[in-house]
Amino acid sequence: MSQGTRRVQDAVLEMYLASALDDSARARVEAALADSEADRARLAELRADSEAFLLHHPPAAFAARLEPARRMVERRWLPWLGAALAASAAVFGGVLLRPVAETSGPEYVAKGGVRLNVYRRGAEGGVPVRPGEALGKGDALQFEVKASASGYVAVLSRDGAGHVTVYYPYGGDAAAAYVPDQPLLPGAIELDGTPGTEELYALFSPEPFTLGAAVKALESGAALEPGLPATVRVARASLAKRP
Amino acid sequence: MEGNDMPERVEELYRRFGPALHRRALSLTRDAEEALDITQDTFLAFVKEPDLLRGEASAFTVLYQICTFKAVDRLRRRARWSGRLGELTVEEDEPAQREAEVASAHGGGLEQVEAAQDLALLTQGEKPRTLTAALLYFVEGYSMEEIGEVLGLTRKTVGRLLEEFATRARKRGARFDHGRTA
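As you go down the protein sequences, you meet chains C and Y in turn. Under this note's numbering, the first residue of the first sequence is numbered 1, with each subsequent residue one higher. Under this note's numbering, the first residue of the second sequence is numbered 1001, with each subsequent residue one higher.
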């Protein structure tokens, strides 16, 4: 592309492409385009780039990714996770459990990394599950996944009897859209009465991925990572469930 | 807007403006992943405050300003003053097309990157509209007429915005220059 012979600036061409110019401005741009091969080439370049972008980042998926934020704005409050969260942090099953209030400042996670925090519904709000804390039937849990970038996330479980459940998106077969500033996953799960150690796995990837391979690996007791796409990162936690 | 209409509205806006906003963010950050985050943050701002698009400015103009503001904010976090931006002079009688290079979304060399980082430091605390106008004018070589087109303002208003900004920025810039030579 010849930059020197350009007559229309990029932002104006973008507006033209998006049909965001008024009639007179549009006519001016079209007159310039008629005389400028370089601008026509640039416009074609922008148009092709737009098509490729929308192909790689489809509008419906993008809107779905923002849906948790929209719901959060509507509710403005998390029913049982709030200011009552203590300021302490605890390491649990190799996973850092850090209580986070909705108004907390930004917390940074290493690029590509992922962290899983677990909260239990208490009398005065959500409390982080502590190391060795025994949980029982009916305890309600909510999950917080911390990742440094937007992407897709799922939380899976394998209980003491070897039964595998997709906790988030509940019962789903593919990871759900994720945005870093909404780390607390919507919804809560209620533990059943299966005793023993229940393993939790948070799976994160910048790309969409399905959960079939992960469920199959966990059901068979095989290692999780080999069957996952290379972009998927895993964080783990363990729950001790009393009989 | 009813909450139930929001996903469709976001999808529609994203389809129309998402690629342009991503290119805008990319042109400033030079990082595709970061640009994607900024694009998402831009729409998130709209989701959180739908009234943003109820003013006189067009949806493109509002989202473009938010996107530019967020991208410059990221630049600012890693910016070091280089002095590349040069003197902030607003030409009263500018030619129809300015001498500065026409910036492409993927073009612009190191000098433009450094100038953008300088401007990021100088625009801290400025409103998105002023910041966007300043970036387009002082770094990317847009004329006031062109800036007016993008921001939905008259040339006169753009000139006033730039003059006022330049006055504030010269003081800030002097402090940066002083710090560099001290």
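These are computed hints drawn from the structure, not numbers from a lab. Accuracy of the hints is not assured; some may be wrong.
[As the list claims (entries may be wrong)] Which chain Y residues face chain C? A few, computed with CB under 8 Å, are given here:
id, residue
1, Val1010
2, Gly1018
3, Arg1023
4, Leu1036
5, Tyr1064
6, Glu1114
7, Lys1127
8, Arg1129
[As the list claims (entries may be wrong)] Derived coverage of chain C by chain Y (criterion: at least 3 residues anywhere in the stretch with Cβ under 8 Å from a Cβ of chain Y; other residues may be distant):
id, segment
9, 17-24
10, 42-50
11, 54-60
[What the hints assert, rightly or not] Here are the simulated distance ranges between beta carbons:
id, chain 1, residue 1, chain 2, residue 2, range
12, Y, Arg1080, C, Asp22, 34 to 42 Å
13, Y, Glu1145, C, Ala41, 17 to 25 Å
14, C, Ser220, Y, Gln1124, 31 to 39 Å
Even for Gly, the Cβ is constructed at its ideal location relative to N, Cα and C.
Return the numbers of the hints above that this structure violates; sort them in rising order. Result: hints 6, 7, 8, 14 break, sorted rising.
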